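For the record, the sequence lines run as chains S and C. Under my numbering, read the first sequence as residues 2 to 260, first letter to last. Under my numbering, read the second sequence as residues 85 to 352, first letter to last.
There could be a bad hint or two in this list.
Calculated from the model, a selection of chain S residues having no Cβ within reach of chain C, i.e. all distances over 10 angstroms [as the list claims (entries may be wrong)]:
id	residue
1	Val9
2	Leu174
3	Pro197
4	Ala205
5	Gln250
From the structure, some residues in chain S lie toward chain C, with a derived Cβ separation under 10 angstroms [to be verified]:
id	residue
6	Asn140
7	Ala179
8	Met254
Listed next, the in silico DSS-like pairs over lysine-lysine satisfying Cα-Cα at most 30 angstroms (straight line) [stated by the list, open to error]:
id	chain 1	residue 1	chain 2	residue 2
9	C	Lys290	C	Lys324
10	S	Lys232	C	Lys341
11	S	Lys198	C	Lys347
12	C	Lys347	S	Lys129
13	C	Lys290	S	Lys112
14	C	Lys222	C	Lys258
15	S	Lys251	C	Lys286
16	S	Lys251	C	Lys242
17	C	Lys222	S	Lys249
18	S	Lys132	S	Lys35
19	S	Lys166	C	Lys286
It should be emphasised that the hints constitute simulated quantities derived from the structure, not laboratory data. Bear in mind the structure is a predicted one, so any value in this text is a computation, not a measurement. A virtual CB, placed ideally from N, CA and C, is assigned to each residue, including glycine.
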Amino acid sequence: MNMKIFGVLVCLLECLFILSIVCAAEDSSNYYDKLGSKLYTTRNYTEALDYFNKSLAQNASNVDALVHKGNTWKALNRLNESIDSYKKSLELDGKKTAAWSGLADAYNSKKDYENALNAAEKATEFDKKNKAFMLREGNILQSQGRFEEAAAKYDGALSIDPGYKDALYRKGLSSLAANNTTQAIELFDSILAIDPKHKQAYNAKGQALEAQGKFTSALMAYDRALQIDPKWNQVLINKMHILLAQGKQKEAMDILLAI
Amino acid sequence: METSLSRNQERSGGINLRIFNLLICFFILNSVCLAEDTEYFDWKGLKLSASKNYTEALQYFDKAINQNGNYTDAWIHKGDTQRAMKDYNASLLSYDQALKVDKNETAAWSGIVEAYSLLKKYDEAYAAAAKVTELDPKNKANWLKEGNLLQLQGSYDKAVPKYDGALALDPQYKDALYRKGISLLALGNATSAIELFDQVVKIDPKYKNAFNAKGLALETKGLDSEAQEAYNMSLEIDPKWSQPMINKEHSLLALGKMDEAMKIFVVI
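Isolated chain C, as found in the complex (with noise of 0.2 angstroms):
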């Protein structure tokens, strides 16, 4: 009798542990099913920004995100689909909310460098964009891109080291040099600038904004005629491009070509 009794409790102690087992089965199941929902939604999304369906995409992202706030990809991707709607503000708060989830989130940084010179607000994109700098140190384009920034804002000799930055890591990065090239001429360096206006067209010929900032750059030395060369050589690349072709026309002003001049001056 008391064996039964005792074989009965076991056996009811045994579907209790198995009840129990499956419900944590199930448990983990509905985790690991609503973890792949969040990525799906956020997939989902990523499709429908990359096909334009912004209005769409946000659905999902806002989706993603209400079943996992700290889903950082989904916060990142709704800022960038924001940015693309041209609501900066909005996606600022987006990229926000992924940094303080993650503040040393990449993606989201690279975000705000975005958002903040689409809005022409150049000091806070340089903030921005030195942070990613600083995250991402061997990444050549996030050098480049804080030159750019502090040229935008006339700091043409602040942005040479950060252009050094980038050409430490790739001594053949012609954006660089081009851009490195420009600080110089703006420095009064004509002559540094046309060597690495040189180096840029020696590593990439069909590099027209090289050619035609060569001939600004020989133009401030009094060098019209090759000034003139070097418009040229832009003007092949691109033959419909009219900065070289305005140049041009002031170089042959300068030359006192006047008709010459003026025969570019009538079809621009």
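Here chain S stands alone, though its shape is the one from the complex (with noise of 0.2 angstroms):
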């Protein structure tokens, strides 16, 4: 009977340790994960790396520690690296919503705007309620030239937060591709009434006025955003063609030379 208790302690003994082994490799894993995460924060990619390493040799299931790492790649333009990261990462958690995240980032990096989307939209599944979601599936289906499907991403980003800026300066050139330029002023109006420092929207405003052919409008516009922003060249460039429109060669000449 005392022989059957002891081996009992024994063998609880033992799971108490195998299971102290296996937390305390998962602290420091999580340890190492954290400082890795802290060195990130501070662009010290390659040291991060260091840490992310030592974090996943203590546990390589650690799908925090992938994800960071594939963050680190990321950051240090190594986008097949940081991908592999990503979907060792979702081979642990398929749900894991960073991992889907930073892979859409990641291929779209790449122009890999189809595998871009698929991990943009698996990363809004899980993730309904996220905005900055919404707008990247729509900026991605945007870099497609698939406007008139943006626009729909931009709706459901704006129904979550009407005052979205980035969605309605988006939405508003999905209304400018669709020739829709009046709905399109519309939405970067409605953005320069939040922020009157939104240079972009200034300058989109002032391609939806040229295109209706309003170029002291548009002139304006351009030079709302240069206000902001004197350096912009896009800008300048904008500003060329309005003067080259408006007959003062001379003028737009003055820009060719200075940009």
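With the hints as a guide, bring the two chains together.
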């Protein structure tokens, strides 16, 4: 009997020992992951990677460390390595939103818009209330020239936050692509009512006004954008085109030579 | 007795003469060595400047100048080095020192042109550039420089004869043809500008700026489709150049091709 109790005790102790080892490994894995994340935020990417690797050496199933490693590779513009890391994390947890999100961004940076969109859709699927995820879906669609589909995504983002400037701006671009310049101008104006320093909205408004043939108003819009950012080349070139259209070739050439 | 005395005197006179000759030789040798030192210091400074070790380079130029304040090369090289260090006002002072020694030193005038250009004082830069052309009128680049500085001041009409001066020396001078085209475009003569841009791309089919400027000239004539083609040519040469990409977007806007225009807009 005593021997039986002793055996059970030994078994329990063994279990406890194994459990404590596992816990210790998990603890140190999380600890290294935290250290790596700290280094990542200070842009010390190479050292951060070392810590994520240490973390994964302790616990190869640490999903967070894999995601963070993917983010770090992405920051280093090593997109293939970054994608590999995200994929590994998704093999362990297919619902890891941060991994889908990172994957979408990595594919987007590679201009692989189809895979980027698939990953972005997955991220939205697991976090339906995230307006930024919807915006990203729309932006990827716009990069593919799918402006109408993109508009629906921006509407989704705006249903969560009607004052979401980025979604209003991008929806305005979709309206412009659909030749609905009036709606586009309304959207750009609504952004400027929220944020009068939104230079992109002034620039895009200039484009819409230019498309309407309203060159003086377009010029004013470009000038407002240039007041905010005097060195923004895109707007300078846009302004140059208005000046050309107004027959002010000399002023246009002044810009051409200055850019 | 007398003869031995006169012999002694002759001998001592000969020794004095030898010593005197030796002293002269030593003086000449010393002067040569000093001159060689000046050249050496300047050469050493140039080497250091070329390897972007500007602070040390300046020390060597100063050594050269300390030995011979009239050594214009060292002043000019010092000015060039100060310019590389973005100390433009100091560089102007160095060039000025060189010109005090030799007012016709072209390299010093050229340095002044560059320093004033970097200070965006185009008026002063132009005055110096005109002096360079006056001293070296057979150099087409000098004429081009003058024209470009006039363009930067918005004097497109005055720039034309400068480009003509360069083209008189080399009718195939593509940079002068291009810049003359810009002047004509600014002066409202798009047709002649297009002819010049066409000449440039005939000489050099890879001259992306000429295709881009041709597009702008065509745009002023309302020829948006042709303008778009010109921008496409420019983009074939340099697909990542944003300027013709934005220009193309505008020609698409003008053609009412909003969808295509926005496809460009979102990727710029």
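- Sort out which numbered hints this structure fails and list those numbers smallest first. 2, 4, 5, 17, 19
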